[in-house]
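**Q** For reference, the chains in residue letters:
4 protein chains.
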Amino acid sequence: MKHWHEECAVFGVYGDPEAGRMAYLGLYAQQHRGQESTGIVTCKNGKHIHHKGLGLVGEVFPEEELVRLKGEMGIGHCRYSTTGGNALTNTQPLTAQLFNGPVAIAHNGNVVNSDRIRDELKKSGAIFQGTNDTESFLHLIARSPKQDIIECIKEEAIRMDGAYSVVLLTQDKLVAFRDPKGFRPLSIGHRPLDDGGHSVVIASETCAFDLIGAKFVRDIEPGEIFWVDETGEHSVRFATEQKSAFCIFEHVYFSRPDSKVFGIGVYESRKEMGRYLARENPISADMVIPVPDSGVPAAIGYSEESGIPFEFGIIRNHYIGRTFIQPSQSIRSFGVKIKLNPQSELIRGKDVVIVDDSIVRGTTSRKIIALIRAAGARKVHMRIAAPPTKASCYYGVDTPETDQLIANQKSVDEICQFVGADSLAYLSMEGLMSSVQAGERGFCAACFGTPYPTELYLD
Amino acid sequence: MKHWHEECAVFGVYGDPEAGRMAYLGLYAQQHRGQESTGIVTCKNGKHIHHKGLGLVGEVFPEEELVRLKGEMGIGHCRYSTTGGNALTNTQPLTAQLFNGPVAIAHNGNVVNSDRIRDELKKSGAIFQGTNDTESFLHLIARSPKQDIIECIKEEAIRMDGAYSVVLLTQDKLVAFRDPKGFRPLSIGHRPLDDGGHSVVIASETCAFDLIGAKFVRDIEPGEIFWVDETGEHSVRFATEQKSAFCIFEHVYFSRPDSKVFGIGVYESRKEMGRYLARENPISADMVIPVPDSGVPAAIGYSEESGIPFEFGIIRNHYIGRTFIQPSQSIRSFGVKIKLNPQSELIRGKDVVIVDDSIVRGTTSRKIIALIRAAGARKVHMRIAAPPTKASCYYGVDTPETDQLIANQKSVDEICQFVGADSLAYLSMEGLMSSVQAGERGFCAACFGTPYPTELYLD
Amino acid sequence: MKHWHEECAVFGVYGDPEAGRMAYLGLYAQQHRGQESTGIVTCKNGKHIHHKGLGLVGEVFPEEELVRLKGEMGIGHCRYSTTGGNALTNTQPLTAQLFNGPVAIAHNGNVVNSDRIRDELKKSGAIFQGTNDTESFLHLIARSPKQDIIECIKEEAIRMDGAYSVVLLTQDKLVAFRDPKGFRPLSIGHRPLDDGGHSVVIASETCAFDLIGAKFVRDIEPGEIFWVDETGEHSVRFATEQKSAFCIFEHVYFSRPDSKVFGIGVYESRKEMGRYLARENPISADMVIPVPDSGVPAAIGYSEESGIPFEFGIIRNHYIGRTFIQPSQSIRSFGVKIKLNPQSELIRGKDVVIVDDSIVRGTTSRKIIALIRAAGARKVHMRIAAPPTKASCYYGVDTPETDQLIANQKSVDEICQFVGADSLAYLSMEGLMSSVQAGERGFCAACFGTPYPTELYLD
Amino acid sequence: MKHWHEECAVFGVYGDPEAGRMAYLGLYAQQHRGQESTGIVTCKNGKHIHHKGLGLVGEVFPEEELVRLKGEMGIGHCRYSTTGGNALTNTQPLTAQLFNGPVAIAHNGNVVNSDRIRDELKKSGAIFQGTNDTESFLHLIARSPKQDIIECIKEEAIRMDGAYSVVLLTQDKLVAFRDPKGFRPLSIGHRPLDDGGHSVVIASETCAFDLIGAKFVRDIEPGEIFWVDETGEHSVRFATEQKSAFCIFEHVYFSRPDSKVFGIGVYESRKEMGRYLARENPISADMVIPVPDSGVPAAIGYSEESGIPFEFGIIRNHYIGRTFIQPSQSIRSFGVKIKLNPQSELIRGKDVVIVDDSIVRGTTSRKIIALIRAAGARKVHMRIAAPPTKASCYYGVDTPETDQLIANQKSVDEICQFVGADSLAYLSMEGLMSSVQAGERGFCAACFGTPYPTELYLD
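Residue numbers (the working numbering), protein chains in the order written: chain G, 107 to 565; chain P, 107 to 565; chain W, 107 to 565; chain V, 107 to 565.
So here's chain G without its partners, still in its complex pose (with noise of 0.2 angstroms):
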């Protein structure tokens, strides 16, 4: 069930005769990960291009758009946005005319200490126009007293504390770079083109090289900056080397199950969780039901394990735009139904395992459960693909507030309580490294209460 709000995706292209329409397929495959807002930059003769909108990118991006961002290469970004009339200012990719040219850029991440840099940057006479981070990257490269684009960057990225994968166009050159923990994924990827040749993608997940046709090569490292131009390929570290902070949550979420991220295929991963959490909580049921669409896989992982059959035994309603209308008299649960609808004619008099990626304010789980035991189910259990939710993410992940999240003011059995369930359980921390293969591998999992992995500025 979704309730996390993953802030961004990024895309970016080199040397592509349709780099407009690659960035806009690009983005449409990662749309997942922001509805709000979506923009595209392209480069044509030295020239950037950009169209930017609220929306959807198949509503954003008419033909007569697309065929207007000419050029080779490009970058684009779609957006969780911010709420409020001002939610175009926010659009990336952020546009702007430097001494050396035009520059555009979009990033995927929150920047932790971005507030002491605007607050430095205004004393000294930089405006802002909006409220991203992007903005503060661009006044540190404005004000590089280096004249290079990638010495700019190789000085000043270093300066931001946090998570920021980044893609950068300027006149003549598609740059990327990933902060030195790197918290969000960020990859390379080759598309063949006609020629025997290919063009270089850069996309936040790997599900956009699959639609393209294009190749996964590697993922962009922590504190590296890769840039491509008419000379090739070139990579240079602003950061030296230190322990990884791979954001454990792509892979219990965010991410679409077909992308590879952090080098681990997510549909597999989360099987895994749910293999796990079978050894580790097994309960004698008549069927496994996943909250679609993100409890699919674990689901199937648990019934794998447990030997519980699999059963689709709620049906989610794929046409629910944004601006759906309540009736103005109360129906029981609506708000979930018309999103979710158990089959009664399965479920009734049947004992039944829900299996969802993660219980945040637990009301959504209530009324879940509420539904299953309507539609006549005799017994609810319920399993948790992750372990409880403690903490707020810093590092560009919308979560409510700490003291929002029910796992921090109650117990799993009072949780369980809340939720009305016959038995709660979630998986273990180790369940969970274990799946995502972690190893050596440092992750961030703050917002399963382990420590923040960087300083969080939050005076």
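Don't take each hint at face value.
A pair counts as met if it fits within one copy or between any two copies, since identical chains are not told apart.
The calculated lysine-lysine pairs, modelled on DSSO-like cross-linking and capped at a C-alpha distance of 27 angstroms, are [as the list claims (entries may be wrong)]:
(1) 321 with 176
(2) 229 with 252
(3) 321 with 445
(4) 260 with 229
(5) 456 with 485
(6) 321 with 473
(7) 228 with 260
(8) 228 with 252
(9) 516 with 496
(10) 229 with 279
(11) 321 with 150
(12) 176 with 153
(13) 260 with 349
(14) 176 with 445
(15) 252 with 279
(16) 229 with 150
(17) 228 with 150
(18) 485 with 321
(19) 456 with 321
(20) 229 with 153
(21) 496 with 349
Source of the hints: derived by calculation from the structure; they are not laboratory data. It should be emphasised that the depicted structure is a prediction, and the values quoted were computed from it without experimental measurement.
For this one, chain G is given, so just place chains P, W and V on it according to the hints.
**A** Frame of chain G, contents of chains P, W and V only:
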């Protein structure tokens, strides 16, 4: 995989303080039956209020229109519209001023002797606005010598041959009736009201009842006229009982899995088709993969019966809009890939069984199999949870011409070769009929090659 | 000042390689006759193609719709639509499938026995979609025993009483006819083509001919049916000659000043009204100011005759859209001021004559005079270039109820006091009739208190 | 005839309970100064709220946006936007977060040393979003060492050379200032409030005051900074007094005739131009006809002085939208005819004087004269109520390149021949200056060939 277009969904409501909103929700839940146009007519103080438009229910009805649709009774319709600029003319419900007041009408199905009736009516001076069957029926009523609308219907409905599940609204009545063979579903429900009473609702599919919290009461019988007015619920037959011709394709593809159609749950019947398919056509493989979303229940059944693990090996992108823009340069299998992405991490080096509901022209299946092979599968076995599709439907399903149906041109072996599978098998007619618990009840399976249950009037 | 709403403009074209675009332009030029909805139907290879919508001609017809409107003949319509959500149903041209093929029809005017005809038709089983007169006429044709459309019209048109200037399109003919009294204008023109020939065009007003470079040929006669087909132009009478009832208000307010209506230029007739007004009601003043735009020609005539200088003392804002948002706090005379602004630099300390075409309720005139006084005028003399408006129109003009017409409630002196003028005078009926060179020709001046030229069927 | 595009209108308001709506109305009244984009920023509790968009004021601001624009002070802007897809970036007011809070700014005019200022700013690390002058000024303020905004402006404004009438909004002040030569108008008004007090309003043109019921107080002086805050109205000079350079074209064409610009009514000055023109260039003719709407006052003046009757001989169609679709087949003079239609009934066989405000390229005048001849005129004498247009404007008027101005290429006789007139005459420079009562006051008439009042920085 979607390749059939059901023509319509209907909905009716009587005695509900929020009739307009209930119609909205009832259509919303049935959106899968038609996405091109929709309309609602309510009745307030004997006056009809209507709103129609091209697009999804959520788009056509903004809040201000729902506010305008006052009254305690109403009917609504979703349509898979014909092409061309005149689509709005055919959008239902149709409304008309007759001598005894306003009448609105909406239907699901196709009347096979419609052209004959139209020609007769035109010869006697009737004017037609559009091209749909509903309009003929309006004329039949308008010209009936009977004053009472129920009497009119009783007399005139029998002149129509074919499939029609109809809802009709007058100044003081909600009427519903179903053709004598009952091709299309039509059910009655009761929605509990705050005052302890209930409103009466009519829908093509019972999933509409679930959303609005109504209880399924019974199906309207083939040949039955059912109506509600201030004196209560009434019923009368306009045709003598005969062998039914329930549309088997409602179970194979059309209906939502969480609906109960012709007395049996659709999810259950589809799982049963998968089980029969596994028994009739066993194969050794590493995993069973559904073509989402329609192949899912049958794949689960196949997996259960065969013991081969079920995997969600093809991910569907649910953000596909209706106006997707193609790249001008060719990307292999692009048309399918924009919607479906196989998971290569899962599939690579494996033998897979792909389960789908049908093969129409074979081109889509061919692309899907190519994608799965490109994702690294070793062997691809295709299993279709229905018999070969051999004939066009004349009762309300938008099928290709008979000569474009691959099963009409090629043997199963040839189809297997065409789609590029390692093996291909279809469900038997016996398996299909057992799956829907046909027993003595008649089903129309003309699309699978059994005789058409009515004359076709094709001259 | 605009306070009357003419119902419609019609247009027809035959034998033109760009029939759709000519209809578009012809309606564009006549946009002043109706701004709420518009539609065009063309005919290509015996098939009708249509497009209609709510809004201005320039909004309803984007390029892609004009491209779709192929064919060498067509008709079009602009409408001042009725209120309510069902406006699109009444948008013309109406189209229908009759036994002998498609027919499209559009009209200007109002049929006074329309309700009687409708009732008869409904009793015999006719279905009505909307509420306009055109639909009744379609039914009359559809039910006529005559096979030939011209014969049908000849027989049936005479059953309609009142005002109707009609254009009609079949598979092979453009037909136009005008009621026996000729209330509304309807003219024939020839548009020269590149091949040396010409197309035939029909319009409510001749200004449409000017825009498309057509020459005015003649008016269609009252009681005449005119048609064009592949054998050429034809004419026949369906009614015997009788005293005409040309609408005097076409000259007073409706028609564009650059049109020639009922054989005389509208600008000229209005100037003449101003001259008569000056002769009949002389006054001493510093300047003559028109209420723009309709009062301009009469004010020029008044100035010429009286020798008092003409000044454009009230400036009209032409950017007024249809949805102007009011301030919530009161601004004095705001409703008028948003449209009209008197020039205080010019007016201050002066005696002015304000010339307008009519006073309906008196409230707008009162506001205008208040504005002029606030701008510093010493004396304000109001002169109306027509007699007092005393009765509602039943022939196609949207006038207020008779009891809301101030001239029906108050004497000229009382009106003068109500509107706050220093003096007020109206044109005499004789002056009016002389201005339009009525001579022996009959004009309908029922709105000014002369008898209605037909029965009204008001029961 | 419109062939010049003024760049902008500005508006400001302080202390008004309906500041957002007053800005809306103030822009509405000034819509003639820019129709491509518009924006409003208000301030509520120290926070800025803004809304901008492409289109007319009435289109960009629906009711829900006006409701959102809360607060008692605000500024607004209308713009004749540059071409291209990035137009929204340049839409004003520009908003920014500076160290001491939010600032919004809007301007009318053109800064001639803008590129130099931009280059300097970019070199020192400033980032530019768009291409307009206002943005440079924001940077100058942001980088000023002064903390107080008025001090900043006092220090930095003087660095800009050229034309700028600016309104600026902070958290607690409305500020307005005007360049030292006062090229563009900028006036102060007071709007009476219900509580007996008044709000302060600023506008480019006084017609904005008329609409909202405000009284004109005085012009802001060239080189003056005027501001309002909770302590009242204040004024300070940032430049010493110098010879003014009031834009003469505001009187010739730009401003609305009902505005008072540079101390004199525009309608009056235009009439006076017509009178001078008649005295300087008498001719014998039957009527004087203005090219609507801009030629109207001068034609009235010409008629008065010459005694030749004034006639509204060319009718303008006011329903012209911005996207008019051309017929593919040629219609003679179509482009002009869609807007203007000469009245042949009036003109036929007559000698006419056509009065317009200017001839730019000569092509439009040629078409108008051709239309008038086609309408039957015997002789056509053209009179231009200004001297020949010889040079481009660099102070905010969108004129063609100098080499496209016909008066720069041809003698008056040659122009007369080119446009096809029987005679052609222009107003003298002396006549022009007398008409605006220039006296000792300096006017910029560079477009008519006098020296530019500032350096142009054209390298």
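**Q** Determine for every hint whether it applies to the structure shown.
**A** Outcome of the hint check:
For a Cα distance limit of 27 angstroms, the shortest separation of residue 321 from residue 176 inside one copy, 24 angstroms, qualifies, whereas the shortest one across copies, 48 angstroms, does not. In this homomeric assembly, residue 229 and residue 252 come within 27 angstroms of each other (Cα to Cα) both inside a single copy, at 21 angstroms, and across copies, at 12 angstroms. Taking identical chains as interchangeable, the C-alpha atoms of residue 321 and residue 445 lie at most 27 angstroms apart only when they sit on different chains, with a minimum of 19 angstroms there against 35 angstroms within one chain. In this homomeric assembly, residue 260 and residue 229 come within 27 angstroms of each other (Cα to Cα) both inside a single copy, at 24 angstroms, and across copies, at 20 angstroms.
When the C-alpha separation of residue 456 and residue 485 is checked against a cutoff of 27 angstroms, the pair qualifies only within one copy, where the shortest distance is 7 angstroms, while the shortest distance between copies is 37 angstroms. Taking identical chains as interchangeable, the C-alpha atoms of residue 321 and residue 473 lie at most 27 angstroms apart only when they sit on different chains, with a minimum of 19 angstroms there against 42 angstroms within one chain. With identical chains, the CA atoms of residue 228 and residue 260 are at most 27 angstroms apart both within one copy (22 angstroms) and between copies (21 angstroms). Proximity of residue 228 to residue 252 under the C-alpha cut-off of 27 angstroms is found in both arrangements, the shortest distances being 21 angstroms within a copy and 14 angstroms between copies.
Proximity of residue 516 to residue 496 under the C-alpha cut-off of 27 angstroms is restricted to the intra-copy arrangement: shortest distance 10 angstroms within a copy versus 60 angstroms between copies. Taking the shortest alpha-carbon separations for residue 229 and residue 279, only the inter-copy value of 21 angstroms comes in at or below 27 angstroms, while the best intra-copy value is 31 angstroms. For a Cα distance limit of 27 angstroms, the shortest separation of residue 321 from residue 150 inside one copy, 25 angstroms, qualifies, whereas the shortest one across copies, 51 angstroms, does not. Taking the shortest alpha-carbon separations for residue 176 and residue 153, only the intra-copy value of 10 angstroms comes in at or below 27 angstroms, while the best inter-copy value is 39 angstroms.
In this homomeric assembly, residue 260 and residue 349 come within 27 angstroms of each other (Cα to Cα) only inside a single copy, at 20 angstroms, whereas the closest approach across copies is 53 angstroms. Proximity of residue 176 to residue 445 under the C-alpha cut-off of 27 angstroms is restricted to the inter-copy arrangement: shortest distance 26 angstroms between copies versus 39 angstroms within a copy. Only within a single protomer do residue 252 and residue 279 lie at most 27 angstroms apart by alpha-carbon distance; the minimum there is 17 angstroms, versus 39 angstroms between protomers. Taking identical chains as interchangeable, the C-alpha atoms of residue 229 and residue 150 lie at most 27 angstroms apart only when they sit on different chains, with a minimum of 24 angstroms there against 36 angstroms within one chain.
Taking the shortest alpha-carbon separations for residue 228 and residue 150, only the inter-copy value of 22 angstroms comes in at or below 27 angstroms, while the best intra-copy value is 33 angstroms. Only between protomers do residue 485 and residue 321 lie at most 27 angstroms apart by alpha-carbon distance; the minimum there is 22 angstroms, versus 46 angstroms within a single protomer. In this assembly of identical chains, residue 456 and residue 321 lie within 27 angstroms of each other by CA distance solely across copies; the values are 20 angstroms between and 46 angstroms within a copy. With identical chains, the CA atoms of residue 229 and residue 153 are at most 27 angstroms apart between copies only, with a shortest distance of 19 angstroms across copies and 31 angstroms within one.
Proximity of residue 496 and residue 349 under a CA criterion of 27 angstroms is satisfied intra-copy only: 23 angstroms inside one chain copy versus 62 angstroms between copies.
Checked against the numbered hints listed earlier, the structure breaks none of them; every hint is satisfied.
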